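Colleague: Spelled out from the first residue to the last, the chains are:
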Amino acid sequence: MHFFSQSFQYDHPWSHVVIGMWRKYPNPKCTHVVSVDVVDRSVDPQTGIIRTERILGCKQKAPRWIVKLFGGSEDAFVREICFVDPATQNTTITSVNLSLSQFASCYEVVRYTPSSHNRTAFTQTAEIQARMALWRSAADGLEKWLCQRFEQNAQLGKTAFTEVLRALSEERLGRPAMAA
Amino acid sequence: MASSLSPECTPLKTSYDVCFNSWFEGYLEPAVSALQTADRAAYAKANAEEYELKCGKIWQEYKACVHKAIKDNGLEPVLQQAREEHPLATPPSSSEHRKA
Numbered sequence: 001m002h003f004f005s006q007s008f009q010y011d012h013p014w015s016h017v018v019i020g021m022w023r024k025y026p027n028p029k030c031t032h033v034v035s036v037d038v039v040d041r042s043v044d045p046q047t048g049i050i051r052t053e054r055i056l057g058c059k060q061k062a063p064r065w066i067v068k069l070f071g072g073s074e075d076a077f078v079r080e081i082c083f084v085d086p087a088t089q090n091t092t093i094t095s096v097n098l099s100l101s102q103f104a105s106c107y108e109v110v111r112y113t114p115s116s117h118n119r120t121a122f123t124q125t126a127e128i129q130a131r132m133a134l135w136r137s138a139a140d141g142l143e144k145w146l147c148q149r150f151e152q153n154a155q156l157g158k159t160a161f162t163e164v165l166r167a168l169s170e171e172r173l174g175r176p177a178m179a180a
Numbered sequence: 001m002a003s004s005l006s007p008e009c010t011p012l013k014t015s016y017d018v019c020f021n022s023w024f025e026g027y028l029e030p031a032v033s034a035l036q037t038a039d040r041a042a043y044a045k046a047n048a049e050e051y052e053l054k055c056g057k058i059w060q061e062y063k064a065c066v067h068k069a070i071k072d073n074g075l076e077p078v079l080q081q082a083r084e085e086h087p088l089a090t091p092p093s094s095s096e097h098r099k100a
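Protein chains in written order, with full-length UniProt numbering: chain A, 1 to 180; chain B, 1 to 100.
Quick caveat, the hints were computed from the structure, so don't treat them as lab data.
Every value quoted in this text rests on a predicted model; they were computed, and no experiment measured them.
No residue lacks a Cβ here, since even glycine has one placed at the ideal position from N, Cα and C.
A couple of the hints might just be wrong.
Simulated pairs of lysine to aspartate or glutamate, EDC-like, Cα-Cα distance not exceeding 16 angstroms [unchecked claim]:
id : chain 1 : residue 1 : chain 2 : residue 2
1  : A       : Lys144    : A       : Glu127
2  : B       : Lys45     : A       : Glu53
3  : B       : Lys63     : A       : Glu53
4  : A       : Lys24     : B       : Glu52
5  : B       : Lys57     : A       : Glu171
6  : B       : Lys54     : B       : Glu25
7  : A       : Lys158    : A       : Asp85
8  : B       : Lys57     : B       : Glu25
9  : B       : Lys71     : A       : Asp40
10 : B       : Lys68     : A       : Asp40
11 : A       : Lys24     : A       : Glu171
12 : B       : Lys45     : A       : Asp44
Derived coverage of chain B by chain A (criterion: at least 3 residues anywhere in the stretch with Cβ under 8 angstroms from a Cβ of chain A; other residues may be distant) [claimed, not checked]:
id : segment
13 : 11 to 17
14 : 24 to 30
15 : 39 to 50
In isolation and in its complexed conformation, chain A is listed as follows (with noise of 0.2 angstroms):
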C-alpha cells in the first residue's frame, strides 16, 4: 500500500474555484487527460448539493512489462465522484480506477474548503495499493508505477488548475485572458 497527500492554498475563493474545476480539461498541461463525461449528475432540492459522477479517459504509456502481465493499455479510465455543497462551502471530489481496476485500486479524495481571505484549502489524499495476493514482486512493481504516475499527474494538475483559475479570474474582470 502506498500512501500520497498532499494540501496548499489557491489564491481565489472557494466559489471561484468549484466554476473553475468544470473547465479544468482539455489543458495543455494534462494531455494525458483525452476525454470527460457526465454519467450521471442531480441537484438535492433539499439541500442544494450537486453530485457529479464522470468518467476521464486517460492515455498514458504503461511500461511493456505491465501490458503483458495485466493486459493493460495506453487506455485508462477513471470514475469520479463530485459532490458541491453551497451551504457549508465543501467540494469532495472521490476518484478511483476503473482500468486495470481487477490489479489495483487508486483510490483518491480531493477537497476544496474555503480559508481566510479569499483563498481555498485543497486537500489531496490517494491510497494505491495492488490487489493481488500471487507474485509479490509484480504486485510491488505495479503499485510502484502507479504512484510514480500519480504523482506526476498531481503536480501537472496542481499546475495547470493554477493556470485555469488565473485565467478565469481575467476572464471575469473583463480582461482578455494571457496567451497560455
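Mind docking chain B on chain A? Use the hints.
Modeller: Frame of chain A; chain B shown alone:
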C-alpha cells in the same frame, strides 16, 4: 471543452456542459448566502427545477449517447462493480476510510 469518450457524443456534451456551467455559475454565489438561512430548502428546490427546465432536455440526449458509448467500450461491468464497491450516494465524511 474536452471531448467525449465517443466522438459522436462530443457535440451533445459541449452543449450540455455550456448549459450546466451557465446554470451553475448563476446558482453558486447566491446559493452560498441563501443556503445559510431558512430559505435553503426553497432556494434549492427552485434551482433544482430551473436546472431541469434549462438543461433537462439536452441532458437526456447527452446521457443516452454517453451510456451507449460506455456499453460499446465495454466499460459497463467495471463501472457497475465500482458503483457497488463505492456507491458514494452521499459525500464521504472526513474520517471515513475506503473499503479494503
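Colleague: Which numbered conditions among the earlier hints are violated in the structure presented, ordered from lowest to highest?
Modeller: 2, 4, 5, 7 and 8
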